[in-house]
Amino acid sequence: MAEFVYLYRGGNRPSAPELQQQILQKWQAWFKSLAEGGHVVERGQPLERSGKLVQAGTKSIIDGPFAEAKDVVGGFTLVKADDVGQAAELAKGCPILDHGGQVEVRPVMHIDM
Amino acid sequence: MESDQDSPIRLDHLFRQESGRLVATVARIFGLHNLSLAEDVVQDAFSRALEIWKIRGVPENPSAWLVAAAKNRAIDYLRRERTARTFAPEVDRLLRSEWTFSPTVEELFAEGEIKDDLLRMMFTCCHPKLTDDARVGVILNVLCGFSIDEIAAAFVATPSAIQKRIARAKNTLAQSQHLFDVNTSSNFSARLPAVQRSLYLLFNEGYHGASAEFAVRAELCREAMRLASLLLAHPLGATPATYALSALMCFGAARLPARLDSLGNLNALSDQNRAMWNQELISQGLELLSRSASGREATEFHIEAAIASLHATAATIEDTDWHEIVSLYDSLLAIRPSPIVALNRAIAVAHSENAERGLEELRKIQGLSGLSRYPFYQAALGELELRTGKLTDARRHFYAARALARNPTERSFLDRRIWACDDPSHV
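First to last, the sequence lines map onto chains P and Z. For the first sequence, the tail end lands on 113 under the numbering used here, and the numbers increase by one without skipping. For the second sequence, the tail end lands on 1427 under the numbering used here, and the numbers increase by one without skipping.
Treat each hint with caution, since some may be false.
[As the list claims (entries may be wrong)] As a list, the in silico BS3-like pairs of lysine-lysine whose alpha-carbon atoms are at most 30 angstroms apart: (1) Z:K1129 / Z:K1115; (2) P:K26 / Z:K1071; (3) P:K26 / P:K70; (4) Z:K1390 / Z:K1364; (5) Z:K1364 / P:K52; (6) P:K92 / P:K26.
Derived by calculation from the structure, the hints in this document are not laboratory data. No experiment lies behind these values; they were computed from the predicted model shown.
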């Protein structure tokens, strides 16, 4: 088993309560299935959409966002899976994919001693 | 609260319920002229809730969580903007000093206060300068958290028309700056009838309305009942008329599932499966109706509730006390002369006497032009002609009704009536 981080990118937010309800339900169901498979290490946190960017050299601080809205990371989760293929396969169930978002799957770097 | 197996909380219900009372509370601090800001603050709190709950899971007490989130967003906003803007006249001065800022905000967000805020906003939305449609629109938007698109779907109107109607209404409200004062009893009682009427219309939009979606209609009825229960909980709001209105809503809600079958087909009263009527709501309705029977005034709600109770308690359509229903419609016509009431009365006459008498009554309705776009006048003519065996006439009326149908549900209902003319064994 190895660890992976899911980075949730983009995705739009509907304003109608029914749609919000559906989205929440889908996320709950997805997390439930991940947890039942023993894949959730840490559910993670959502991230604010804005922040600061400290630049090299001058160390000047500028305001975010750092990317186009569709690429902004909105949250992360730490999971474990057999390999990156399985981790990516599991990410296919993420509801953000139904709303124009993406899941970036990144292996946590592992050092064999 | 109902819940599906996999979701212990219904976020849509929760958001709808909380959105109204929180907008009302925030507007009380920000001032009515900043109503749209108050809505933004609450929307923002909800968006954040969704973002966080998606990943962290739904908290133990989601309601309290939302209140805290909205309070924090409101505080951020007040601190940032208090030099540039004026807020509610009642608290503006208190918000300017650090000494009084926090206690003021805390107090306004206290549990007991929030409940009254909803009532305050409900009365505010029934501003005398607004039309009935505008009132129902803002109530749905501000108090029930319906989006413009959802309201448009409920009224079968275009979103842009609804957008305009609601923006105009909010403008009118904003000019008054003050929320309605529910603690002055003379004001309260003076505006109460307008509030009752708006809730009645809101409920009717769900029960008789033009939307084809069962879910939409049930939601409108549910919201009307929720707001009516707030009126009942207030000592000045719990008048005999409010009890009668609530009873009427219970009887209607009890019959709603049978009125529209699972395919969304409209069922005539005579075809409804009475076993599907919700007995709990019916007995609740009867209880409310008995409590409405005090005071001297018999309002239109009393009469309508009495009619609905006779339907709700009759075992079959034949067992119904149509004679009593006709006389109740007579009283209703005396208070509220309307071609639709007269139409319903004529149908009751047909049941209580015979189809010919019903047709006679239908043809002499005053102000028939008011029904020229209403499909159910032609449908009633068709129904009674069918019963007297004049199939050609019946078919002609059903076709005329079908041309006026407002949605697929009504059209398919009328199609079935047209087929019945071809095969009179269906009658």
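Hint by hint, here is what the structure shows:
As the CA atoms of K1129 of chain Z and K1115 of chain Z are separated by approximately 25 angstroms, the hinted pair is consistent with the 30 angstroms bound. With a C-alpha separation of about 28 angstroms, the suggested pair K26 of chain P and K1071 of chain Z falls inside the 30 angstroms cut-off, and the hint holds. Distance check on the hinted pair: K26 of chain P and K70 of chain P sit about 21 angstroms apart at the alpha-carbon level, within 30 angstroms; holds. The straight-line distance between the Cα atoms of K1390 of chain Z and K1364 of chain Z is roughly 20 angstroms, inside the 30 angstroms bound, and the hint therefore holds.
With a C-alpha separation of about 75 angstroms, the suggested pair K1364 of chain Z and K52 of chain P falls outside the 30 angstroms cut-off, and the hint is violated. A threshold of 30 angstroms between alpha carbons decides the hint, and for K92 of chain P with K26 of chain P the separation of about 12 angstroms falls inside it, so the pair holds.
Hint 5 from the earlier list is the only one contradicted by this structure; the remaining hints agree with it.
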